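Let the hints inform the model, and build the full structure from the sequences given.
For the sequence shown, the working numbering assigns the number 398 to the initial residue and increments by one for each residue that follows.
Check each hint, because a few of them may be wrong.
Just the calculated beta-carbon pair ranges, DEER-fashion [what the hints assert, rightly or not]:
#1 Gly486 to Ser448: 31 to 39 angstroms
#2 Glu449 to Arg426: 25 to 33 angstroms
#3 Glu450 to Arg518: 17 to 25 angstroms
#4 Glu450 to Arg484: 33 to 41 angstroms
Hints in this document: simulated from the structure, not taken from any laboratory.
Just so it is clear, the structure is predicted and the values come from calculations on it, not from any experiment.
Cβ atoms here follow ideal geometry from the backbone N, Cα and C, with glycine treated the same way.
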Amino acid sequence: MTLVDTNVLLDILSNDPTWRFWSAETLGRQSSQGPLLITDTVYAELSVRFSEEEHVDSMIANLDLVLQRIPKKALFVAGRAFERYRRAGGSRSNVLADFFIGAHAQVEGLPILTRDTRRYRTYFPDVELIAPEA
Numbered sequence: 398m399t400l401v402d403t404n405v406l407l408d409i410l411s412n413d414p415t416w417r418f419w420s421a422e423t424l425g426r427q428s429s430q431g432p433l434l435i436t437d438t439v440y441a442e443l444s445v446r447f448s449e450e451e452h453v454d455s456m457i458a459n460l461d462l463v464l465q466r467i468p469k470k471a472l473f474v475a476g477r478a479f480e481r482y483r484r485a486g487g488s489r490s491n492v493l494a495d496f497f498i499g500a501h502a503q504v505e506g507l508p509i510l511t512r513d514t515r516r517y518r519t520y521f522p523d524v525e526l527i528a529p530e531a
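Below you can see the structure in the form of structure tokens.
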């Protein structure tokens with residue numbers, strides 16, 4: 398099982414000229430190793446791109462993604478990690494989703510497929526990251 402970050406899915410949806418190939422190829426490779434999971438946070442972030450819930454659900458089905466709710470324990474871990482981030486001077490804008498995803502991966506022992514590794518490596522160092530080479 399692999400937890401998929403929003404940025405990888407947006408690369409595919411937006412046909413990003415720089416990242417679409419890597420994201421689609423890696424998503425396909427990971428799907429051959431087990432289910433591809435998204436959290437409710439990823440679902441919400443993807444929803445911004447669609448006018449109707451059915452369109453989001455259709456895209457998720459087409460990519461063979463499984464929505465997995467964030468466990469309560471992971472919500473607590475995310476809050477604590479976010480508090481450390483804020484105390485270290487981190488901004489409040491658009492980052493809490495990364496903490497939900499990272500904590501979910503940590504609690505469930507899942508790797509994360511992502512292109513944005515910085516916060517995951519800092520606040521969830523034991524989580525395996527599937528990311529482009531630096």
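Inset, instruction - Could you see if the CB distance from Glu450 to Arg518 stays within 17 to 25 angstroms? - result: With Cβ atoms ~34 angstroms apart, the hint is violated.
Inset, instruction - Please test the hint of 31 to 39 angstroms on the beta carbon pair from Gly486 and Ser448. - result: Distance hint for Gly486, Ser448 holds at roughly 38 angstroms.
Inset, instruction - For Glu450 and Arg484, compare the CB-CB distance with the range 33 to 41 angstroms and indicate the outcome. - result: holds, 37 angstroms
Legend entry - Range agreement (Cβ of Arg426 with Cβ of Glu449, hint 25 to 33 angstroms): holds, 31 angstroms
The structure fails hint 3 only (numbered hints given earlier).
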